[in-house]
Amino acid sequence: METAIREAFVRKKHLVSIFFDIEKAYDRTWRYGIFKDLSDIGLKGNLPLFIKNFLQTRIFQIRIGNILSDNFNQQEGVPQGSVLSVLLFIIKINGIVSKLPAYVHNTLFVDDIQIHCAGDDMGFIQRQLQTAINNMTDWASKNGFIFSPQKTVCMHFCRRRGLHPDPDFQLNGSPIPIVQETKFLGIIFDTKLTFRSHIKHLKTKCIRTLNIMKVLSSTSWGADKVSLMRIYRSLVRSKLDYGVPVYGSAAKSTLKMLDSAHHQGLRIATGAFRTTPIPSLHVISGEPSLELRRHRLSLSYFYKIKSDESHPQHYKVINPIFGSLFSVRLSFTPTFGFRIGVILRYFEIEDFPVVSNVEDPPPWKETQLDFIDDFLHFFKPSTSDIVFQQHFYDHRQHYSDYIPIYTDGSKSDNHVGSAAVFPDFTIAETLHPFCSVYTSELYAIYLGLLKISTLNFKKAIIYTDSRSGINALRSAKHNTHPLVMQCLHLHHTLKKSKIKYCWIPGHVGIPGNERADKAAKSANASREAFVPLIDALQAVKLSQYRVWQRIWDGQSNNKLYKIQPSIKGFGNLTIRKHDVILTRLRVGHTFLTHRHLLHSDPAPICNGCNCILSVEHILCQCKNFYSQRQAHFGAHIIDLIDILGTNPGVNVFTFLKEVQFFKFI
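Positions 1 to 665 (full-length UniProt numbering) are the ones given, in order, by the sequence shown.
None of these hints come from the bench; they were simulated from the model.
Small disclaimer: the values here were computed from a predicted structure and weren't measured.
We put the CB at the ideal spot given by N, CA and C, even for glycine.
Fair warning: there could be bad hints in the mix.
To be verified - Label pairs and their calculated CB-CB ranges:
id: 1; residue 1: E359; residue 2: V215; range: 46 to 56 Å
id: 2; residue 1: P177; residue 2: R595; range: 23 to 33 Å
id: 3; residue 1: P177; residue 2: L235; range: 47 to 57 Å
id: 4; residue 1: K151; residue 2: S331; range: 30 to 40 Å
id: 5; residue 1: E350; residue 2: R595; range: 43 to 53 Å
id: 6; residue 1: Q621; residue 2: T275; range: 55 to 65 Å
Unchecked claim - Straight-line Cα separation of at most 20 Å, EDC-like style, residue types lysine to aspartate or glutamate; simulated pairs:
id: 7; residue 1: K151; residue 2: D111
id: 8; residue 1: K183; residue 2: D138
id: 9; residue 1: K518; residue 2: E366
id: 10; residue 1: K183; residue 2: D241
id: 11; residue 1: K568; residue 2: D224
id: 12; residue 1: K500; residue 2: D385
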């Protein structure tokens, strides 16, 4: 919907949308209509009868105080809370958009329905949408649904200047109200698509939720940082994440309104002082800025759409239109498909093909894979290579009539390779650098199966040193990796061959495995690049960390950067008071040294040294505390990183107590 509105804006057209509300949608669902729709889609036999019995045995009571009414049978509707209710309702409601005119488009998600039409002529838009409303009303009356005339609203999205009348629509004889904003699927849309109202509402919700964290902890007591960060990510960040690909198109100044809620949550979790620099707050908490978070979520959504050709927005996102108009009319925000290109360049990612999801084989095509577990009972760290080699030779004697095929995968910085070693030849191919070693191991197994299908081997054993690959094939029903599904499909076609799978330990001197490992590392024959979705999402995550590290490297004068040049966070202490003090010392902002910023006072001065008081001065430089420093830290202290680094000692707290600064941090 957001894409359609952006396209209408850049073409200087009107877009009018009707948002419908169904009264008591689940309770009014027509049961006979459900059975008819099930029959129309081809469901016969016992399943419809089971559903019929499931729906018919429903009773309810009314309670007023402690008094219960008699039992009544529920004549229509689907029971709310049941695992089948939503599915049955969707089957019934899908037909509501079947009678729309060609120029009217829709969004249907369970009982949330929206239709819209764009054009230059408001009269044309009004005729098209009124026809659609009438058709939907007729369908609803025949299927037991009723639209609420009070909650059904109309919005006129437009950026054209000058006076132009709003449309007039009727729903069952009642006028549909024209509103300036409305909530649809959790997002508040306004007529100019600024999302300002949505972001204000979102900020209010997040700040209200932060009160839970305030109750659970303070700077001197309560839950530890790890627990508070989990609560923050579950209750607050999840709200900020929802709808990012849509509301992320708002102006930067509007999006910055959310930063205060984000930073407040991080300060509560870490106990950082109020004047802590924002870059330091992000690093000390291990949570990036909301802008980086939005970019990562947008890219993840993009690759999920790209991997699913059946997604309604697949072709609009992959091949966005009106690019020439957006490039000329720069004041118009481009659609998601164009915005993602900017993010890809910012993350320094070259776009790559994502392999489409492979459907699970139907039950009648399921094939039981045969595994050999001769080596699983050995504990590799305490077993010598000679034992493994001897056991493998015995194993091969037992399966001497099976052709051995050794597979292996390899991943280095810029090279990913897979290899399958046969008795007389070797197949080795390189994969996209974003592919994981897990993917390379699975692809090596797939290469072996693919070659078996062309050579018509009667008996073969595929050896791999990847336990994760073997486990994925064992639990293929619960695995979504496309290569696992492709291996299953390929194995099913090899019904005339006996294929077994065996895990063997790697790097123990088994010749075939060593050859496969070497071939995978030196593979140079490239195939058409592909990346599974799981690897694409991991690549986006790593790219976000690289960009974040690049931003952090630009903070060379930051107090925390001198102690922690990497964005990798420190561990936390179990005592909340000590953890908060250590956090404030590391970022260099404490109550003692920086409270003057809150009151516009001059910076505090060290009485003995006549210089500005700072964390570094107190811990490393002040002459007044030389003897205490030697007693607690020794005579070879160089700088703050020795005291406040990855493994800080308890001496820092005893030192602060002795110099009477502990309670002022």
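Verification of the supplied hints:
1. Checked against the hint of 46 to 56 Å, the pair E359 and V215 passes, with Cβ atoms roughly 48 Å apart.
2. Our hint of 23 to 33 Å for P177 and R595 is violated, since their Cβ atoms are close to 53 Å apart.
3. The given range of 47 to 57 Å is broken by P177 and L235, whose C-beta atoms sit roughly 34 Å from each other.
4. With their beta carbons about 34 Å apart, K151 and S331 fall inside the hinted range of 30 to 40 Å.
5. The supplied range of 43 to 53 Å is met by E350 and R595, whose beta-carbon atoms lie about 49 Å from each other.
6. About 21 Å separates the C-beta atoms of Q621 and T275, a value inconsistent with the hinted range of 55 to 65 Å.
7. A distance of roughly 13 Å separates the Cα atoms of K151 and D111; the hinted pair therefore holds under the 20 Å criterion.
8. The hinted pair formed by K183 and D138 fails the criterion: a straight-line CA distance of about 26 Å is larger than 20 Å.
9. About 34 Å separates the Cα atoms of K518 and E366, which puts this hinted pair outside 20 Å; it is violated.
10. For the proposed pair K183 and D241, the alpha carbon gap of about 17 Å is at most 20 Å, so the pair holds.
11. A C-alpha spacing of about 18 Å is found between K568 and D224, which places the hinted pair at or below 20 Å, so the restraint holds.
12. Annotation: proposed proximity of K500 to D385 is violated, straight-line Cα distance about 24 Å (limit 20 Å).
Hint check: violations occur at hints 2, 3, 6, 8, 9 and 12; the rest are consistent with the structure.
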